[in-house]
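All chains, please: the whole structure from these sequences, using the hints.
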Amino acid sequence: MRFSQNEVVQNKAKEIIVALAGNPNVGKTTVFNALTGSHQHIGNWPGVTVEKKEGYFEHGENTIRVIDLPGVYGLTAYSIDERIARDFLIHDHPDVVVVIVDSTNLERNMYLVLELLEMKANVIIDLNMIDDAEKQGIEIDSKGLSKCLKVPVVETVAIKKLGIPELKEAIVDATRNKPNPDVIKYSTDFEEYVKEIEEALKTYLPSFDYPLRWTAIKLLEQDAEITERVKERLKDHWKELSVRLSRAISQLERKYNDDVSSIIPQLRYAVVHGIVKEFVKKKRTLEERINLTDRLDRIFTNRIFGIPIYLLLMWLTFQLTFSIGGIFADWIDSFFGWLADSVGGYLKAHGVSDVLVSLLSDGVIGGVGAVLVFLPNIFLLFLAIALLEDSGYMARVVFVMDRLMNAIGLHGKSFIPMILGFGCNVPAIMATRTIESEEDRIITVLVNPLMSCSARLPIYTLFVSIFFPRNQGIVIFSMYLIGIVLAILMAKLFKTVFFKKETSPLIMELPPYRFPSLRNVFGEAIRRSMVFLRKAGTIIFAVVVILWALASLPPGVDYASENSIAGILGKAIAPIFKPAGFGFWQAGVALLFGTMAKEVVVGTFGTLFEGTLTDALKSMFTPLSAYSFMLFSLIYIPCIATIAVIKREIGWKWAIFSLIYLPILAYVVSVGVYQIGMLFSG
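The opening position of the sequence shown corresponds to residue 851 in the numbering used here, with each subsequent residue numbered one higher.
Some hints could be false.
So the derived label-pair ranges between C-beta atoms look like this [what the hints assert, rightly or not]:
1. P1425 to R1153: 15 to 25 Å
2. A1422 to P1473: 20 to 30 Å
3. P1473 to K1198: 37 to 47 Å
4. R1384 to G887: 34 to 44 Å
5. E865 to V1093: 40 to 50 Å
6. T1025 to A1257: 25 to 35 Å
7. P1405 to P874: 57 to 67 Å
Don't read these hints as lab results, they were simulated from the structure. These figures come from a predicted structure and were not determined experimentally. Each residue gets a CB set at the ideal place from its N, CA and C atoms; glycine is no exception.
Shown next, in the form of structure tokens:
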């Protein structure tokens, strides 16, 4: 995967290019935000669907462009994230690589530093979360570490922006006075083989994309991608080098009595261990105290109480979201009602045609306004999720759910995209790339649309406010819970029918608990809410205008009547939904247009009903049929963007399969619930 220089910067002579590297959960995104502020752009890396963050800041006369690389533990390119990071570092030649290190766990983080030094990158070590280390009695001799490795070392607390000015200064200084660190040496016998291969490469490859010492180590490590690239360049000389390489690997494995892919990481960790022993001191009391994280984990990751606690927290989230959000939603609803009447009255008073008045008041204001009413609820939900993420709790949910995921034959990592699906199914499906097993990844993609995304929230909120005013939180919580249960059941079915391989155990690092940063939490909630607003201003606006036209045509019919194009279309599909309790043409049209974007369902109702939306829905739905409609909206065909990303990630075959199985499942569930409910109520 090669990146063009234009992908990063238009005029490199005027800019300093900085790459942020680091393990997951080291505060890399917080450092990125502290450096760049609001000067950010989020896109995708070329050729893949992995999110790419890029930003900049000014320092004196310098413009520093910052590229946030994916969080990785190493540069062996086992995963797509590692390949992206490695290819960017090699091909795009950033001026500086800032390695974000978790100060509370230097030993684990320094492995990546060594690999970057092997690559001859211009490294700055950022000892982030230094305050947490001090609280845990960990003392790091940053000056000694800097002197030993001959690279700048900066201490930061990025969440409080402490040390960020010093980091900016170090970045600029590192481009003026590039450090010249010593070559990291490993064991004597290993170095002999590295030197032999390196000398051979100098003979055969006088010029190469990669540092030759690093290439030699990677060849000994049997890195498949590097081996293939060297083989392509050497051509006829590859046979001679491969003989030397095979002999060196064989002798190394005999000496160390281990596989070479394990030997080299062990040698790196031996160096890391020596560095940590020299420059990290930990104060100990007579009895090692159990820190806050350990105590909390005994509760939140408990085998018995872990899942009930998670469900309780989600229930509380929905209760607070709708008890508080409902207050603001009423204000916004009143505002749009007043706005529609005022605009309509003003335009009529000035002789504007009834068609244009209807378009603006019924179509645009009525449709878009019906969706924006629920912005407070969506913002509060995003706020609660960001709070749980920033505290470190959401990582525990994955750990807690691992046993349940294994019971259905999936990897614990599958639950990460499922949780992300609560926000939006599109990035959640992209996140399945972290799942190593292709079979598990396909299953996770297929069931992800069953996770209730934020776009469905306006539908639930509309119906619960009308039909379940006293139990809004509980009813909406049931939607999310049913989605999870259905996803688990369908995953089990797919695993049994399509794939029967064993699932590997989950090994993951749990970040420490932290007091959430209000700046980060509100920033993330605002960012996600802005995505919702942009959708309201583009897709939803366009759809409600089209829908208004269909409800107004042919000329001469009453607006939104059964004889309009929308009415004729709705009547054609309405009988299908009669067994589910919502065989009204307006409901059919809403669901049809909802395949564009789920928020459009509410926008459709807002456009089709000229009067009060509440009164119109009360005349059509009962609490039981309303619940059935919500279930159908939860399960049926996902939005166009989700189908597109399913096709891109796992192919057309599975995208078409999703278009078939999801509406069938939605119909079976909603009809079943409605008919059983009618038996008990009748």
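In this structure, is the beta-carbon distance linking T1025 and A1257 contained in 25 to 35 Å?
-> Given about 53 Å between the Cβ atoms, the range is violated.
Quick one: are R1384 and G887 within 34 to 44 Å, going by C-beta?
-> Once the Cβ atoms are compared, 21 Å apart, the range 34 to 44 Å for G887 and R1384 is violated.
For the range 20 to 30 Å, tell me whether the beta carbons of A1422 and P1473 fit it or not.
-> holds, 27 Å
Has the hinted range 40 to 50 Å been met by the Cβ atoms of E865 and V1093?
-> holds, 46 Å
How does the Cβ-Cβ distance of P1425 and R1153 compare with 15 to 25 Å: does it lie in that range?
-> violated, 50 Å
Determine whether the Cβ-Cβ distance between P1405 and P874 falls within the hinted range of 57 to 67 Å.
-> holds, 60 Å
Is it true that the C-beta distance of P1473 to K1198 lies inside 37 to 47 Å, as the hint says?
-> Holds, since P1473 and K1198 (Cβ atoms, about 38 Å apart) stay within the stated range.
Hints 1, 4 and 6 from the earlier list are contradicted by this structure; the remaining hints agree with it.
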